[in-house]
Amino acid sequence: MHAYHMPTFDAQPSLVQIDCPPPQEGQIQVQVFACGLNFADLLMQKSTYQDTPEPPFTLGMEISGVVTALGAQVRGFSLGDRVAVFCGHGGLAEFGVFDARHAIKIPEKMSFEDAAAFQISYGTGHVALHHCARLQPNETLLVTGAAGGAGLTAVEIGKQMGARVIAQARGKEKLAVAQAAGADHLIDADEDLREVVKSLGGADVVYDVVGGDLWTAAFRATNPGGRLLPIGFASGDVPQIPANHLLVKNLTVIGVYIGGYLKSHPEIIHASMSSLLEWYVQGRLTPHISHILPLEQVAEGMELLRSRKSTGKVVITMPVHST
Numbered sequence: 001m002h003a004y005h006m007p008t009f010d011a012q013p014s015l016v017q018i019d020c021p022p023p024q025e026g027q028i029q030v031q032v033f034a035c036g037l038n039f040a041d042l043l044m045q046k047s048t049y050q051d052t053p054e055p056p057f058t059l060g061m062e063i064s065g066v067v068t069a070l071g072a073q074v075r076g077f078s079l080g081d082r083v084a085v086f087c088g089h090g091g092l093a094e095f096g097v098f099d100a101r102h103a104i105k106i107p108e109k110m111s112f113e114d115a116a117a118f119q120i121s122y123g124t125g126h127v128a129l130h131h132c133a134r135l136q137p138n139e140t141l142l143v144t145g146a147a148g149g150a151g152l153t154a155v156e157i158g159k160q161m162g163a164r165v166i167a168q169a170r171g172k173e174k175l176a177v178a179q180a181a182g183a184d185h186l187i188d189a190d191e192d193l194r195e196v197v198k199s200l201g202g203a204d205v206v207y208d209v210v211g212g213d214l215w216t217a218a219f220r221a222t223n224p225g226g227r228l229l230p231i232g233f234a235s236g237d238v239p240q241i242p243a244n245h246l247l248v249k250n251l252t253v254i255g256v257y258i259g260g261y262l263k264s265h266p267e268i269i270h271a272s273m274s275s276l277l278e279w280y281v282q283g284r285l286t287p288h289i290s291h292i293l294p295l296e297q298v299a300e301g302m303e304l305l306r307s308r309k310s311t312g313k314v315v316i317t318m319p320v321h322s323t
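Here the sequence shown is numbered in the UniProt record's numbering, starting from 1 and rising by one per residue.
No lab work stands behind these hints: they were computed from the structure. It should be emphasised that the depicted structure is a prediction, and the values quoted were computed from it without experimental measurement. Among the clues, some could well be false.
Here are the simulated lysine-lysine pairs, DSBU-like style, with alpha carbons at most 35 Å apart [what the hints assert, rightly or not]:
1. K105 with K46
2. K159 with K105
3. K109 with K309
4. K198 with K105
5. K249 with K198
6. K172 with K159
7. K249 with K159
8. K159 with K198
9. K309 with K46
10. K263 with K309
11. K263 with K249
12. K172 with K46
13. K172 with K309
14. K263 with K198
15. K263 with K109
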């Protein structure tokens, strides 16, 4: 099968032919139809992501497809089931073998492209805002990087939870995407985020995927008793948090990494996915996919992420498959 393979950290990933092993105990084999790209795929190539496996390995963190084989002791899945899997790696291939505990069945009305774009972005947003921050109706939610894969779903989920959403992004086109997802107020990258947010009454919850100076500005614009969620550091600058300011303003900072929850408290992820899939079926969530590319153009898809030229998600589809 073809796979987008990382041979060593000193080499560029490339499409190669590799064998697909049979599923072992607790695993399912999936014919992959689509794979969603994530910023973490770029970090893995530099060995700077917290869950980077040792090479050689195949990139691709989340997939959708059809179950083609079952390992021993697998319960709840049958051959032919339509599934999505939060696999961590191994998704950019025509077939994959994955831990069955990380797979979910997807609704018949859900396309494979939507399913491949769903788990990480929506799961992170829902766990962060519902489980961690306890976002309440009529609270003000500030989302940085609001047109990207992680930020855009937070805008959408925040609106579904009844919040007033302030979205920050770079340029009119990206801000328009955030507005279409439900953002009430827009802040361009060249505006003073702190001043604009404070003029709107401050933020009760901050969902930050950028870090750096934006984190600092958002931190200073957070209301007393507010909650801040560091989701990622797309700027490359991991901010330092002044504990004395947390004390004075009674602020709470909650780190969110759903890969960690999947290992320590998988029931939280499963409950979140159940709610999100129900919202999807009800038409309350609409995944935004700016680019759908074939497997042979996966390097182009990675470059779209690297250059910040995509909005929402980039999804890679496998040969011979159709939805």
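How the hints compare with the structure:
| no. | hint | verdict |
| --- | --- | --- |
| 1 | K105 with K46 | 32 Å, holds |
| 2 | K159 with K105 | 26 Å, holds |
| 3 | K109 with K309 | 29 Å, holds |
| 4 | K198 with K105 | 43 Å, violated |
| 5 | K249 with K198 | 15 Å, holds |
| 6 | K172 with K159 | 21 Å, holds |
| 7 | K249 with K159 | 26 Å, holds |
| 8 | K159 with K198 | 20 Å, holds |
| 9 | K309 with K46 | 20 Å, holds |
| 10 | K263 with K309 | 32 Å, holds |
| 11 | K263 with K249 | 33 Å, holds |
| 12 | K172 with K46 | 31 Å, holds |
| 13 | K172 with K309 | 13 Å, holds |
| 14 | K263 with K198 | 38 Å, violated |
| 15 | K263 with K109 | 29 Å, holds |
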